[in-house]
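A.B. asks: Modelling step: build the complete structure from the supplied sequences, incorporating the hints.
Top line first, the protein sequences correspond to chains Z and D. FYI, in this note's numbering the residues of the first sequence are 1 to 316. FYI, in this note's numbering the residues of the second sequence are 1 to 369.
For the record, the hints were derived by calculation from the structure and aren't laboratory data. Just so you know, these numbers come straight off a predicted model, no measurement behind them. Be a bit skeptical, because a hint or two may be false.
[Said to hold, decoys possible] Sample of chain D residues facing chain Z (criterion: CB under 10 Å; computed from the structure):
1) Leu87
2) Leu136
3) Gly174
4) Pro199
5) Ile291
All C-beta atoms, glycine included, are put in the ideal place defined by N, C-alpha and C.
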Amino acid sequence: MDFDGLFSHFGELTTTGLAQGAIYALVALGYTLVYGVLRLINFAHSEVFISGAFAAIWTWGVLGLNQDSEVSGLGSIVLYLLIAMVVAALASALTATVIERIAYRPLRRHNAPPLAFLITAIGASIAISEAFGIFTRRLPQGVPNLVSNEPLFHIAGTPVRIMEVLIIGAALAMMVGLDIFINRTRLGRGIRAVAQDPDTAALMGVNRDRTILLVFIAGGTMAGVAGMLYDIRIGALTYSVGFLLGLKAFTAAVLGGIGNLRGALLGGLLLGLVENYASGLLGTQWKDFAAFVVLVVLLMFRPTGLLGESLGRARA
Amino acid sequence: MSGITERIRTFRQAAGDRWRAAPRWVRWAVLAAVIVFFYALPNKEFYQYLGPIPTTESNFGQVLFTVSIYVLLAVGLNVVVGFAGLLDLGYFGFFAVGAYTVAVLTSPSSDIKTLWPWLAVVPIAIALTTVSGVALGTPTLRLRGDYLAIVTLGFAEMIRIAATSSSFLKGQRGFNQIPHPPGHYADGRPIFGVLDPRPYYWLVLTLILLVVFGVRNLTHSRVGRAWVSIREDEDAAQLMGVPTFKFKLWAFAIGAAIGGLAGALYAGKQNFVNSQNFELLNSIIILAAVILGGSGNIVGAIVGGGLVAYLIERFRGIEVFGVELYEFRFLAFGVILIIMMIFRPQGLIPSRRRAAELKDRRKEVIVGG
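C.D. replies: Encoded structure:
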């Protein structure tokens, strides 16, 4: 137990934890959206995330950047980031769509038992991550150094880096956008209706399959942006990182209350903080362990999460 | 196309009906012949007549040992997934617990230096895995099935992380000189040596027979009926007075114990255990094996486990267009899982009751689907 380490780096651990937590929160939204509508843990969502992360790296590659390139000039940096973000979001949304069409829709037609969905999801997850692994020869892919690691300003002696501000800001903006989309728009109302009662929604003229697809696309978009942010935060990407990140994002979703959009944000940020504090206290190798302990303790005492399960509804 | 599948289907049905209608002694004779075949299989005098079946790249006896371990694991996982309908994605974690228990208590490189003999540690390993199964199951089995899946998955991954990063479990350096099972031939040579993998295979094969016998009897008992009722409809089972939590925990613990046994056997053969032996994807392979073979059916699980492990080893070292097929094994299993769940969720050799359940569900209508 290294309490000195924890307290002397408390501010630093907090800012990096929040940045990591914002990425968890974005990925957690995908789990929460799909769970809210289909009562299904979209196990393959980690691979939706990883496709976005790879798409961003390859976009930079196509634009002539590699891991050694230094880009100067605010305008071009923002442009590179925006292009990569859009491509990553599209790639992830596409992956999510493909997973929905191939792995889930046929099972819904057969009214398969719930575990069958989970098994195809694992199959899809393994197949996609292995495909990336074979394609990249299982080597880590480098990320161009776009966002500098310089502190932007200090809060009570703790440096706050541009990167952390960027990640948290982008994640918050995406989440506000999603919240407005779900709560204020016509399509969002359809999603909430299907989440509340699929059969009644279908009888009222909501196209169920299209709504479900929309949910996957929305979750995919969030995961794609998360993938791009992950790239610039970590600086390298291996095909197999999606699994653990997906598990943690799921933990974040459960922590906040799965099916609850604002819960995903809260859960993600909390989890990022908890695991960073745990790594300060016990050593970095126990970081992942902490996340898992949170998950088990949570499921034992409050499986509905901090804010409760809901997607615009009171559960029966 | 449909004509062919139809013909295959009627042929299979006819074969199944014939098997069930055959007199008892015929069935016993066929079973005995199959068992004798598998005992004879690792002998070169026998397998050299089998054409392309023996593997070319590695020692066939060694391959058979690996296959037999997978079969044992598949039989164990089948209790959890097939009979009780609990999705355990971290089954290999129990295998790791079993192997590490043996390693820590017997190896001279372990910190506690107990140096106990292998045989004395096996029951401890099984007991510890059972306890870990109960400890993991108690908080999670009360929850919905998909939470269980995630927690078991996390469990296996955390075992791996603990093995890699804790100094007590030695990480990549691992434990060496784990003792072999005891026993000597008449001339004083040890039966379980380093060079000949066949005795290990025979040992595992014998244990598989014992475990299958035990599991089969369980499934035909009150416990087995409770499992099936839980799998079919947990709420209804609960209303009928089945203590569902207790029986789910039983299934989980029995499955864990079998996994621990397999781990102990593996450690005794391999003589070396480190954190790289327990990749997460192995859990998925065993799940794929059970699903492929036919979950809920012991024969199906055996065939699935054997087939999957054997195919992995058979394709090792074979290249097509300059690409090593072995690289694609996990990709292939991912795809197999999807295809099986969509087109044949009951598996290659289905349990008849399970197939009927799935058929029944298909008839229920979905509004606006």
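A.B. asks: Confirm or reject each hint.
C.D. replies: So, going through the hints one by one against the coordinates:
Checking Leu87/D against chain Z: minimum C-beta separation of about 5 Å stays under 10 Å; hint holds. For Leu136/D, the interface hint holds, since its Cβ comes within 10 Å of a Cβ in chain Z; the closest pair sits about 8 Å apart. Against a cut-off of 10 Å between C-beta atoms, the interface hint on Gly174/D is violated, since the closest Cβ of chain Z lies about 17 Å away. At about 35 Å, the closest approach between the beta carbon of Pro199/D and any beta carbon in chain Z exceeds 10 Å, and the interface hint on this residue is violated.
Nearest Cβ of chain Z to the Cβ of Ile291/D: about 6 Å, under the 10 Å cut. The hint holds.
Against the hints set out earlier in the document, violations occur for numbers 3, 4.
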